[in-house]
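Read in order, the letters of the sequence shown are residues 1 to 87 in my numbering.
Simulated from the structure, these hints should not be mistaken for laboratory data.
Beta carbons are placed, not taken as given, at the ideal position from N, Cα and C, and that holds for glycine.
One or more of the hints may lead you astray.
[Stated by the list, open to error] Simulated DEER-style distance windows between Cβ atoms: (1) 76 / 40: 52 to 60 Å; (2) 23 / 59: 52 to 60 Å; (3) 68 / 37: 54 to 62 Å; (4) 16 / 56: 54 to 62 Å.
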Amino acid sequence: MMMWYGSNGWGWLHWTAMAVGMVAFWALVITAVVLAVHYLTSQNGAWANPPTTGQTHPADLLAQRFARGEIDDNEYRNRLALLQEQR
Numbered sequence: 001m002m003m004w005y006g007s008n009g010w011g012w013l014h015w016t017a018m019a020v021g022m023v024a025f026w027a028l029v030i031t032a033v034v035l036a037v038h039y040l041t042s043q044n045g046a047w048a049n050p051p052t053t054g055q056t057h058p059a060d061l062l063a064q065r066f067a068r069g070e071i072d073d074n075e076y077r078n079r080l081a082l083l084q085e086q087r
């Protein structure tokens, strides 16, 4: 007698449980990978936005605003001169 057709083999419940378990396992693995990629590439992620040490210097903030195009050349120079006068 063959193993698959008797009480010695796995029944349909065991095969169904194994299939559901395999689908659940791969769903968890894929979800973990997607969440890890999302976390690491988001603005709050560890790589995308590394923590800063201490406070940012005002001249650095001014340079960042100038680099983003928020202020023009004249305004940058005027504000930088004001910052240097206060030192």
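For each hint, the structure was consulted:
1. 76 / 40: 52 to 60 Å: violated (33 Å)
2. 23 / 59: 52 to 60 Å: With Cβ atoms ~56 Å apart, the hint holds.
3. 68 / 37: 54 to 62 Å: Given range 54 to 62 Å: violated, Cβ gap about 27 Å.
4. 16 / 56: 54 to 62 Å: holds (59 Å)
Going down the numbered hints, you'll see the structure goes against 1 and 3, while the others check out.
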